[in-house]
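Q: As you go down the protein sequences, you meet chains D and F in turn.
When the letters of the first sequence are read in order and numbered with the numbering used here, they come out as residues 22 to 341.
When the letters of the second sequence are read in order and numbered with the numbering used here, they come out as residues 40 to 312.
Check each hint, because a few of them may be wrong.
[Unchecked claim] Below, computed lysine-lysine pairings styled on DSSO-like, alpha-carbon distance capped at 30 Å:
#1 D/Lys59 with D/Lys271
#2 D/Lys59 with D/Lys238
#3 D/Lys59 with D/Lys220
#4 D/Lys220 with D/Lys144
#5 D/Lys220 with D/Lys97
#6 D/Lys127 with F/Lys200
#7 D/Lys315 with D/Lys271
#8 D/Lys220 with D/Lys147
#9 D/Lys33 with D/Lys97
#10 D/Lys33 with F/Lys200
#11 D/Lys238 with D/Lys220
#12 D/Lys271 with D/Lys33
#13 D/Lys263 with D/Lys238
#14 D/Lys33 with D/Lys238
#15 D/Lys144 with F/Lys214
#16 D/Lys127 with D/Lys144
#17 D/Lys129 with D/Lys220
#18 D/Lys102 with F/Lys214
#19 D/Lys127 with F/Lys214
#20 D/Lys97 with F/Lys214
#21 D/Lys263 with D/Lys220
#22 D/Lys144 with D/Lys129
#23 F/Lys200 with D/Lys144
#24 F/Lys200 with D/Lys102
#25 D/Lys129 with F/Lys200
#26 D/Lys147 with F/Lys214
#27 F/Lys214 with D/Lys33
#28 D/Lys129 with F/Lys214
#29 D/Lys39 with F/Lys200
#30 D/Lys315 with D/Lys33
#31 F/Lys214 with F/Lys200
#32 D/Lys59 with D/Lys33
#33 D/Lys97 with F/Lys200
#34 D/Lys220 with F/Lys214
#35 D/Lys315 with D/Lys263
#36 D/Lys33 with D/Lys102
[To be verified] Chain F side only, calculated, beta carbon under 10 Å to chain D, not exhaustive:
#37 Arg202
#38 Gly212
#39 Ala213
#40 Lys214
The hints are simulated quantities; they were obtained by calculation from the structure and are not laboratory data.
Where is the CB? At the ideal position from N, CA and C, for every residue including glycine.
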Amino acid sequence: MTDALIRVEHLKKYFPQKEGFQTNYVKAVDDLSFTIRKGETFGLVGESGCGKSTTGRLLLDLIHPTEGEVYFEGEKISAMKPRELMRLRRHMQIIFQDPFASLNPKLKVRRIIEEPLRFHGIKNRKTRDELVRDILNVVGLPEAALERYPHEFSGGQQQRIGIARALILRPDFIVCDEAVSALDVSVQAQVLNLLSGLKDEFRLTYLFISHNLSVIKHICDRIAVMYLGKIVEIGDREMIFKNPCHPYTKALISAIPIPDPDERRSRILLEGDIPSPLNPPSGCRFHTRCPSCKEDCGGHEPELLEVEPGHFVACPYWNA
Amino acid sequence: MKLKKRVSVTTVFAFVVLGVVILMALFPQLFTSYDPTTPDYESVLKGPSAAHWLGTDEVGRDIMCRLIYGTRNTMMVGLGSSLLAALIGIPLGLIAGYFGGLLDNVIMRILDAFLSFPAMLLAILVITIFGNSVPSLILTIATVNFPRFSRVVRSNVLSLKDREFVEANRAFGAKNSYILFRTLLPNCVSAITVQFSLLTAVAILVEAGLSFIGLGIQPPDPAWGSMLQYSQNYLSQASWYMIAPTVMIFLVVLAVNFFGDFLRDLFDPMKQR
Chain D
22 MTDALIRVEH LKKYFPQKEG FQTNYVKAVD DLSFTIRKGE TFGLVGESGC GKSTTGRLLL
82 DLIHPTEGEV YFEGEKISAM KPRELMRLRR HMQIIFQDPF ASLNPKLKVR RIIEEPLRFH
142 GIKNRKTRDE LVRDILNVVG LPEAALERYP HEFSGGQQQR IGIARALILR PDFIVCDEAV
202 SALDVSVQAQ VLNLLSGLKD EFRLTYLFIS HNLSVIKHIC DRIAVMYLGK IVEIGDREMI
262 FKNPCHPYTK ALISAIPIPD PDERRSRILL EGDIPSPLNP PSGCRFHTRC PSCKEDCGGH
322 EPELLEVEPG HFVACPYWNA
Chain F
40 MKLKKRVSVT TVFAFVVLGV VILMALFPQL FTSYDPTTPD YESVLKGPSA AHWLGTDEVG
100 RDIMCRLIYG TRNTMMVGLG SSLLAALIGI PLGLIAGYFG GLLDNVIMRI LDAFLSFPAM
160 LLAILVITIF GNSVPSLILT IATVNFPRFS RVVRSNVLSL KDREFVEANR AFGAKNSYIL
220 FRTLLPNCVS AITVQFSLLT AVAILVEAGL SFIGLGIQPP DPAWGSMLQY SQNYLSQASW
280 YMIAPTVMIF LVVLAVNFFG DFLRDLFDPM KQR
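Excised from the complex, chain F in its bound form (with noise of 0.2 Å):
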């Protein structure tokens, strides 16, 4: 694919901003020197300065610092499921929308079923069966969110799958798997691309709620989710505690969203030149 076209500002934020979180999530000591999990009774909630550009919480540790440590979890815990769920949820709405009939009906059922049961619930299951960790939040979060790939990429196929360009394949003896992964897959990237981003956005913030209830990363361990759910607390005292990690879901969510904007036009042939 040729790249020569000029770049749009949005595409370099988006991998500015995606660069940055990643090198964070690697390597968090290259950006601070101080330990995320050890307290300084010292200087508890104090406000930024020079010493603490963004501050320290409630238990006097850095917040900047924490931030960049918590990276990885966030991170991890966003992209994962949203990947986990995509690899699952994608080709169960491809079979289901294709196929149609007695089998789109009971899988569109059972994804009902997951979509109506409370994420908490799922949650605590989950957590209860596989231990307190970031794989099996990601789990959970998965379990929740795949469905919604499912739907959006069957109402594409359902459009898609009588379209002539689908029928041809056929008629020129395409196998099933072929129409599915390489015909109406690719036509479904926007769509796909939209709602990845989207519950990345919701995965970091569901982590936030889940550690609201102790089934989150766990303290000390630090993540922006659960720092945002801390920061609440001393919201009249401290308000500069909950801005770093507002910014930071807002940039990284922003940065998702336009890094899928980028995927769409890649792989949309009439977006070129």
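So here's chain D without its partners, still in its complex pose (with noise of 0.2 Å):
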């Protein structure tokens, strides 16, 4: 592996819920295994409640997995003293689905994107006033915005403000969890080139999270599908929209939509819903819901097989 800014090594959040005497556990994420290379920007894809925002806020430790490891830069995150995981939090940020809800309603622009240089010890007013200032420039908001509120700015300046809170400490890796989700079609299309600018500009490292295939499409190098805590699929973008093996991976694809009304195009409808994390289904937790799935499927977990160099496909029946 070449330059890997985070590891992930079996990483295992289980949520206890208590039901009268027993306690069961929403295994939200399962034994996740992947690699974040500098540089790129990786996409984790998949339906809601699949598990990828746990998997964000894992990788920044804002809550801790129940098993397994994140690595930054070969350091161990677990391991860390506070004081050790304090400097971590400048190289990593992360940005929210919900732009007004990430954004304290009760203070001023200003305050909000130099939190976190206050949080970082830097005490010079003239100096912060100055990062707060640059970065405002960069990610395109007016300098009158730094004295209104949150509430006056529509939700597309309401991410841009966001973005600068999250650029303002210089990070090397930011979490895009849902990042343009909440926005206009035609506002993601904004957020979503800024962002890209920003990543060389800044020489940023993304994780992109979205259950949006078209957003996935467009900005990442690399993507993860989830269902159910697992991943399904992984592998550069080109693999996984060109040659998509795993059949829930192949769903997903066909149900993008094409907007052009006299494309016919065979879509693979999934029967069902997903099933409930407190009691996945065993085997391949897909195969309840799989149009292909084989007599064997629900008696043993699949390993992620490597199909082609660099592309992994939890099915043994991808070929088939």
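Fit chain to chain and form the complex, with the hints in mind.
A: Following this line, the structure appears as structure tokens:
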């Protein structure tokens, strides 16, 4: 592996659910392993409830894993002392799904953007002010925005404020948790372009979490598809979109709307709902809804198989 | 914070009433020429007249004078106990709500114990230990009331702490103390001000109750609550006696409420403009 920025090994997160005397576990993230290389945009895609956002929060140590490890530039995050973790936070930031909910409604934009600077001990007011003005410029907001409150802005502008806040410490790695899902399509495009531009300018690495395959296709270099807490397929963008191997990925890709009314295509319709992560199906978790399910699929959990260099699929019948 | 916007009627009312009350508490002698404690057996339970605007009480003291001299005690007990209760109750509520788990359980169960304790019993206990004085009254009433602050704040924090801006704070490396007092607390202000004005009113009335069993402000020192208490005995002979303290308590409670609204709007950026 070349230049891994983030390495995830056997990451698990189980949330306990107490029911009477019994404690069941929601297996939100169940045994994930992947690496994110320096400078790439890594996409994490899947339905709601498949554990994408939990994964993002685990990487930032906002919640602690039940099992498994996250390494940032080779350093184990779980073994870090509070001081080292603080230093790490300078390098890892997050952009949230709901831009308004992620901004404290009681604070002016200036204060919101400079908060991370305060947390990291940049005491000089002048320095802070300069940094804030710089970053505001970078994300394309007018300086007048500084003295206003978050609710006075549109969704797209609010998200720009969120981006400015994430960038102000000049991080290396940003988790974009559904960063454009709450925005209008036209605004989505603006924000996506802004994010791509920033990536080059600040040499960033993104973990881009989304349920929207079109967005993922637009911005990501490598993609992991998740289903019920597990990765079912992982590979470069072209591999995933040109040659999807897992039945679930195939179904997802066939569901992307094509903006051409004459285009005819066969859609793979999945039946039923996503099963509860409280009690996931045995064996391959997808077998209850899989259009090409075989007899033994419920029997054993499929391993990730390398179907071509850098392209892994968790389905033994990917070739069938 | 800019104050250029139109000031509402209720805010003016709050400032006027509280301003006058504070003046009365600080300089009662400016408002009346009578002495609040000297009896005048010549004029017992007289109705309002040119000499005694609000009449006289059961030993012939001027009611308006006692009302004015009673302001200090009443406001000290009312506001003092609410302030003390807020000072103790709010941090506990913040901590219990934010950290949750065992700590939350321990704190809240202790507070439940305080809440289930009868106020009067507690008052007797505190006053036996510390003697009968305004500070021990403040302490007593604050002890009874602080769990209410904790509960309100805790429930607010529970709904706030999983919001993304709090999570953002953590992601950007904020210390817990920053999250508690700089992020969560300002977002609880509106609930706190409401609770504060309600408890101030309650404290003034509790003082009245304590006076009744001889644990409040000691006669002959005046206080609104105890005046209200004594006036009950003369309801049929001197019905005007009770009106004055009632109106004063009502006005002050209303003013504190409006002042709370003013504070809430001041801290709520969405209400501006």
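Q: Which earlier hints turn out false for this structure, listed by number in ascending order?
A: none
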